[in-house]
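Asks: Those protein sequence lines, which keep their order, are chains A and B.
Residue 1 is where the first sequence starts when you use our numbering, and the numbers rise one by one after that.
Residue 1 is where the second sequence starts when you use our numbering, and the numbers rise one by one after that.
Take these hints with a grain of salt, some might be off.
Per label pair, the in silico range of CB-to-CB distance [what the hints assert, rightly or not]:
id, chain 1, residue 1, chain 2, residue 2, range
1, B, Thr-102, A, Thr-43, 23 to 29 Å
2, A, Lys-26, B, Pro-38, 33 to 39 Å
3, A, Lys-18, B, Pro-48, 48 to 54 Å
To be clear about the criterion: a stretch of chain A counts as covered by chain B if any three or more of its residues have a C-beta under 8 Å from a C-beta of chain B, and this derived list gives those stretches [stated by the list, open to error]:
id, region
4, 10 to 23
5, 30 to 36
6, 40 to 50
7, 53 to 63
8, 75 to 89
9, 152 to 163
These aren't lab readings, by the way, just hints derived from the structure by calculation.
All values derive from a computational prediction rather than experimental measurement.
Beta carbons: idealized from backbone N, C-alpha and C, even for Gly.
Take a look at the letters that make up each chain.
Number of protein chains: 2
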Amino acid sequence: MPLSVHQSSVAVFEVMLKAFSAILDKALAHAEAHKFDPTVYMTMRLRPDMLPFGRQVMIVCDNAKNVPSRLAGVQAPVFEDNETTLDQLKARIQRTLDYLETLDAKAIESGADREIVIPLGPNKMKMRGANYLLHFALPNFYFHLTTAYDILRYAGVDIGKRDFLGAVPGIAPA
Amino acid sequence: MPLSVHQSSVAVFEVMLKAFSAILDKALAHAEAHKFDPTVYMTMRLRPDMLPFGRQVMIVCDNAKNVPSRLAGVQAPVFEDNETTLDQLKARIQRTLDYLETLDAKAIESGADREIVIPLGPNKMKMRGANYLLHFALPNFYFHLTTAYDILRYAGVDIGKRDFLGAVPGIAPA
């Protein structure tokens, strides 16, 4: 049996976003324990020429809402990018999760064969939905998600891969 | 049309591993330009209690060879984890790519419904192949791959997301 496009996109984003929301709670608790203002995280980065933590998380949410929308052939809502706190990032994650529930699973399922057009800098690029999801969208999503995780890890937040993976569906003791 | 299990696993690993091999070339060139021994990268990490760069890349290769093997129901070869240089990591990536070519695509395709058993610390866990690939194997793969990338980024290597994504199959100007 092949893989469902919906499970490969929406279900993945849902699990990972919920896991990251819990990671944000750990980051907030870490700031409280060490008596620093958690908004400090928002501008942290590993290098000066790298996007800061806050932007990484905003992009993660954008990927999660835009990718299944493109696969379904519908227009995703535009988020304003005005978050300045971790609580606001958590709210953006929740808005993204709420939006994902409104998408038509059948339309997403037909997205593997759809021609997807995406802006890439000043240009537009196109590719088949399956290539878009597997070789562009998912690597992009994980790139920003892991980098956001790595920035928190670098900041000393006590998190590990189990936090990152979240609740793996269907896993059970063997 | 749903997604091919082979494209969602082997094809993804192939593109990302080739891209990372080119990133290792950039890391080697960076070391040469700045006159430091490139083996220094091998023990770099973002935190003391984090796996170092070399191990991150070894695990990336292990994921790439073990995941499709489990999906296909065959035993993957064991690599020795004795690499101490970036050239040896490049060779490990090539060995992984060579091995992926030997796998039976049809057997992998049937893997979505296979019950997969994996070691997790001292325990064993099981789950259906589709859940294993989408919610465990791919997040794990990207977790270590992006962290390896982030360590090089932190080390000052001039790389960007385009290097990370590599050659996206079927992408064309729109």
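Asks: Each of the hints needs a verdict: does it hold here or not?
Replies: Here is how each hint holds up against the structure:
{"no.": "1", "hint": "B:Thr-102 <-> A:Thr-43: 23 to 29 Å", "result": "48 Å, violated"}
{"no.": "2", "hint": "A:Lys-26 <-> B:Pro-38: 33 to 39 Å", "result": "35 Å, holds"}
{"no.": "3", "hint": "A:Lys-18 <-> B:Pro-48: 48 to 54 Å", "result": "29 Å, violated"}
{"no.": "4", "hint": "10 to 23", "result": "holds (count 4)"}
{"no.": "5", "hint": "30 to 36", "result": "violated (count 0)"}
{"no.": "6", "hint": "40 to 50", "result": "holds (count 3)"}
{"no.": "7", "hint": "53 to 63", "result": "violated (count 0)"}
{"no.": "8", "hint": "75 to 89", "result": "violated (count 0)"}
{"no.": "9", "hint": "152 to 163", "result": "holds (count 4)"}
In summary, the structure is inconsistent with hints 1, 3, 5, 7 and 8 from the numbered list given earlier, while agreeing with the others.
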